Amino acid sequence: MDGSEASTQLAQHSATEAYDGPPDQRTGARHAMYPDLSHDEIERFNFLTQMNRHLATRVAPMVETTWNARIEPRFEAEHGRKPKDRTEARKALLADPVFQTWSALRRMTMEQRQEAGRWAAIRQSESLAAKAASLPSRERLSLDPTVAVPRYVAAVDHHCMPGSYHTELFPGDVSGPASYDSGIHVTVGGRGGPYNDGIGRTMAEWIQETYPDFKPRRILDLGTTTGHNLLPMARAFPEADVVGVDIGIPVLRYAAARAEALGVKNVRFIQADATDLSQFEDGRFDLVMTTMFLHELSLTSMDAIFREARRVLAPGGLMLNMEQPAYAGMPPFEQAIRDWDAHYNNEPFWTTLHSLNLDDHFVDAGFERGNLVKKVFTTPAGPGGQEKISMVFVGAAR
Amino acid sequence: MSIASALLHASDKPAGKRPYFLDPEVERVMAVTMAVAQELAVARQRIDTLERLLEAKGLVPRAEVESFTPSAAEYAERALWSQEYINRILRIVQQEGQAAEAAAKGDLPIPDVTREIS
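Quick note, the sequences are listed as chains A and B, same order.
FYI, in this note's numbering the residues of the first sequence are 82 to 479.
FYI, in this note's numbering the residues of the second sequence are 2 to 119.
Hints were generated in silico from the structure; no laboratory data involved.
Source: prediction; values computed, not measured.
Keep in mind that the hints are not guaranteed to be accurate.
To be verified - Which residues of chain B face chain A? A partial, calculated answer using Cβ under 8 Å:
1. Ile4
2. Ala32
3. Ala42
Every residue, glycine too, gets a C-beta built ideally from N, C-alpha and C.
Start from the sequences, fold in the hints, and give me the full structure.
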């Protein structure tokens, strides 16, 4: 070893010590359906992941400091009182340059993530489509093109994802979900684990710990998209017959091929609108689950979905949903910040969902109030001081 | 075909009107700047990759890159490139400066010239 190697190793060691931030996009797990990413495509994602980390850990705290130092005081001086709700807080924030800059950069970073993912996925869309078609996944895929795309999906592309979960650029296209699968690292900073399935794993573990005797024979995941949170459940209950449902053809096609590529055998994917599960008889499933799904619905569809979930659940079964915490009891500033996505990240049902008392909606759907389930999880702060993430499991046993 | 499609669709607008937080002109420039910043980061990482590969293959130790001192002639070549580069990217500054002088000499808007010669 000559001197330069020693100094290189020293430099690498101290960089490892000093580094506090999200992992390389390359640490994400690859599978046969995963798009090939060039060196520069990966670095584009890595840059955007660092941008999100910077915005969350360096700029967002300045928004709070500014709120305390001048935005709220200015509001008080004008109105003789503090902002009474998140709408007043948001409007006051919107007039301040620090919030404006943070918001503009946050929105741009999301748009850049979509572009980066779409570039990589669309340039190889034909080979991805051929791969999806050649994997022996077709028998676990059941498409029904008569399923209409609901208004709440068609009107706005959630989290600025052009074409949402349902648009094909050509018949057989899976570039949308391939972009979603590879780009999600940017938004969660790798905190969902190599397969971005942290929510699914947490939910499966919690069910196993909380209900050790519960052995669901049939599991249904609504709004499954690429199935990333469903596969941990299918692995946790390998004897179960597991079904993922979505309205989007490309996501289902990708999900089936991805499950095949990852060797998870006991899962099927069916195109259906979750407000109409009439193809399943009453009491068919022991577990109905959703993850980060409810906030992308509409009020009418959510209530209809709860009723359908109640109907297809067997006695003793469980419906469990993962969402972020409800706003009730939070100060207006925190609500306004948590509500950013509703207004500026194309999440039009976000505000309503987080303002509801979901318990009442489960009861209205026919669940017993005494059977309601709620569990709040808060992750530790992420690398580089990224904010803690709160997850809430809400649902009901039948 | 896929590349043509990627060129057309990678930057597609999502459904739903876009919110603006700053003056749209300012936000437009900021969005372009952030995309350029991203590409600069990508280029920087690629250079880093090259340097590490060159070192790993025993071709160019990174320390040699770090301590590289161009000769006077090499420096002149690089400095000329810098001057050319700055001139190119600050074209608008030069042209806005020249506009004052040109206006004083009777520089005309194109429609005026069109009328004059039609």
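Cross-check of the supplied hints:
no.	hint	result
1	Ile4	5 Å, holds
2	Ala32	5 Å, holds
3	Ala42	4 Å, holds
Violated hints for the displayed structure: none, as all numbered hints are satisfied.
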